[in-house]
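Chains as they are written, first to last, in my numbering: chain A, 785 to 969; chain B, 447 to 676; chain C, 106 to 304.
If you're looking for bench data, these hints aren't it; they were derived computationally from the structure.
We treat Cβ as the ideally placed atom computed from N, Cα and C, and that holds for glycine.
Incorrect hints may appear among the rest.
[Unchecked claim] Here are some, though not all, of the chain A residues that point toward chain C, as calculated from beta-carbon distances under 10 Å:
id, residue
1, E863
2, F865
3, N927
4, A959
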Amino acid sequence: MATKDIVFIALFAAIIAALGLLPAIPVVGIPAPITAQTLGVMLAGAILGPKRGALAVLVFLVLVLAGLPLLAGGRGGIEHFIGNSGGFLVGWFFGAYVIGFILKNFISDTQVNIRAHFIIFIACFLGGICVVYLPGILWIARNTGSSFVDVYLGSLVFVPGDLLKAIVAMLVTVAVRRVYPIALK
Amino acid sequence: MGQNPVLDFSGVDLVRNDQPVLHDINLTSSEHRIGVIGANGSGKSSFARLLNGLLQPTNGVAKILGHDVSLAQKEVRRRVGFVFQNPDNQIVYPVVSEDIELGLKGLKIPKDQRKEKVGEILSRFNLLHLRDRSVHMLSGGEKQMIALSSVLIMQPKMIVFDEPTTLLDLRNRNAVASTIMGLEQYVVLVTHDLELLADFDRVLVFEEGRIAVDDTPKAAISWYKKKMAL
Amino acid sequence: MDLSFYLPGHSVLHKMPTWVKFFLLISFSIAFYAIYDLRVLAFILALAITLVAYVKVPVRRLKAMFLLPLFMVLLFSLFSAFVNDLNAGLLTFFRLTSLVIIAACVTVTTKIEDFMEFVENLLLPLSFIPFIKPKTVSMTLSLTLRFIPEIFKLGMDIKEAQAARGLKSSPIAFIVPLIVLTLKRADDISDAIDARMLD
Numbered sequence: 785m786a787t788k789d790i791v792f793i794a795l796f797a798a799i800i801a802a803l804g805l806l807p808a809i810p811v812v813g814i815p816a817p818i819t820a821q822t823l824g825v826m827l828a829g830a831i832l833g834p835k836r837g838a839l840a841v842l843v844f845l846v847l848v849l850a851g852l853p854l855l856a857g858g859r860g861g862i863e864h865f866i867g868n869s870g871g872f873l874v875g876w877f878f879g880a881y882v883i884g885f886i887l888k889n890f891i892s893d894t895q896v897n898i899r900a901h902f903i904i905f906i907a908c909f910l911g912g913i914c915v916v917y918l919p920g921i922l923w924i925a926r927n928t929g930s931s932f933v934d935v936y937l938g939s940l941v942f943v944p945g946d947l948l949k950a951i952v953a954m955l956v957t958v959a960v961r962r963v964y965p966i967a968l969k
Numbered sequence: 447m448g449q450n451p452v453l454d455f456s457g458v459d460l461v462r463n464d465q466p467v468l469h470d471i472n473l474t475s476s477e478h479r480i481g482v483i484g485a486n487g488s489g490k491s492s493f494a495r496l497l498n499g500l501l502q503p504t505n506g507v508a509k510i511l512g513h514d515v516s517l518a519q520k521e522v523r524r525r526v527g528f529v530f531q532n533p534d535n536q537i538v539y540p541v542v543s544e545d546i547e548l549g550l551k552g553l554k555i556p557k558d559q560r561k562e563k564v565g566e567i568l569s570r571f572n573l574l575h576l577r578d579r580s581v582h583m584l585s586g587g588e589k590q591m592i593a594l595s596s597v598l599i600m601q602p603k604m605i606v607f608d609e610p611t612t613l614l615d616l617r618n619r620n621a622v623a624s625t626i627m628g629l630e631q632y633v634v635l636v637t638h639d640l641e642l643l644a645d646f647d648r649v650l651v652f653e654e655g656r657i658a659v660d661d662t663p664k665a666a667i668s669w670y671k672k673k674m675a676l
Numbered sequence: 106m107d108l109s110f111y112l113p114g115h116s117v118l119h120k121m122p123t124w125v126k127f128f129l130l131i132s133f134s135i136a137f138y139a140i141y142d143l144r145v146l147a148f149i150l151a152l153a154i155t156l157v158a159y160v161k162v163p164v165r166r167l168k169a170m171f172l173l174p175l176f177m178v179l180l181f182s183l184f185s186a187f188v189n190d191l192n193a194g195l196l197t198f199f200r201l202t203s204l205v206i207i208a209a210c211v212t213v214t215t216k217i218e219d220f221m222e223f224v225e226n227l228l229l230p231l232s233f234i235p236f237i238k239p240k241t242v243s244m245t246l247s248l249t250l251r252f253i254p255e256i257f258k259l260g261m262d263i264k265e266a267q268a269a270r271g272l273k274s275s276p277i278a279f280i281v282p283l284i285v286l287t288l289k290r291a292d293d294i295s296d297a298i299d300a301r302m303l304d
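Construct the entire structure; sequences and hints are all you get.
Right, dumping it as structure tokens:
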């Protein structure tokens, strides 16, 4: 790992944290404002690539674990890993990796055409939603002693908001690629 | 000081991102303080980065204090400190004392000795009250002095400054200027602030990747001023 | 910006080495799931609440720290009670509430520096893997902490600049400059780290 990779990882971990500290962003057509933090997780994978993206998320999570109030709404501490959100937090790490992996293997680092839009969206959907929810749902099912299917159906409520984030992540990724393309790693 | 010149460049070319930046730089110098001026994009920043091995010559040989920057990068870095234009990019730890002692950690110096040295360097600049402050709470001038302290604590033989006063207000600029003039180390100062160079020993003017003028501050600066007025 | 939940104090938890606290917490989180007796779990919860009083967490912090996790716990306990039965709901409630409370006590009694040192030491046995260098890890964590307030401020500046131009806040117009301006600094920062011979 070159020094620059480490700096990219640290800066993106800080971006994820800052997105959680900033006031939530109101979005036209959605009653509740979305917190930008899970968006940051998708962007980490999409902009830095699988390894650096996942490591940026990991660095962020270690700092939350250390007790820093960096989760959206100024929360932090080990209690959030033990509580029900723990599985989703673990899922963020794998989600960022999967997003980066898909982009790295299916489009070039500077591609911004329609196909790139489509692939980035699919990657954010698979990595940012499917991969994140899997450990999240398993975790809750274990914590509450309920069946996987019940928890799965219960968590479908959050999917529309996350789909919207995947679209925003796609648009942001394309815009960043246009002005400051970074070789995915 | 030894038989080796401080700076010894022969036939140095530098290509960055497929763009030629420096052409055939030849220079020998053992002066205490050297100023470097030139328009934006003239190659002076790249020249500064060669001095501590951040960049290496594409062709030719650059020796600093007798060490070849291409072959003995570590030796060069240990002896040459670098102060950047923007201290916000230079300070990497969140608390002042942590950042200053960072380089010492690399040298495996024990904790209590590190603490002592940090105290010494901060009191030298009357900055002891900043020891446990968060870096993001400091003013621009304080940050630049902390960045300089973190370089000085490594006891370099030479310090390269890359436009250290550009982002500072007048009071902080003066404080940094008088600190630079008080250093016993060899100094190479890249700057647009021509007044800083009045008492320097020698000034280089860069133009399109070459040393166009190499003279006393007075002569070099008046040449540069005329050139810029055209 | 206060970036820590740490509360200075002299309790046993403050003095306990970080690794002991984490070891105990992990042990508890495994052990509590082996207990099915509601009376025992209720007793444990009572002990956990006593712990909060012992550590002397101020009410303001209590609210900030506990409200959301506890609300989540309650929500999921109800969910569990609904899909399974009342007993399962109560089991979930007692186990999770106790763990959340104990974990929060660890959080407020552990300094960030101590935790970082703990992470560094934890990685020490793994340093034969070329990828994991404890020094690199702690530098990455510190670098992140260093830049969080700056990026936060940059975010505020971007919002202000856009408001000054009369632009409506759009997440894309906000996040794109935030990311680009931040990542563009990577070259200078890594130059500065290399120049200080920190590798």
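Tested hints:
1. E863: holds, 4 Å
2. F865: holds, 8 Å
3. N927: holds, 6 Å
4. A959: Constraint on A:A959 satisfied, holds at 5 Å.
Figure legend: structure checked against the earlier numbered hints; every hint is met.
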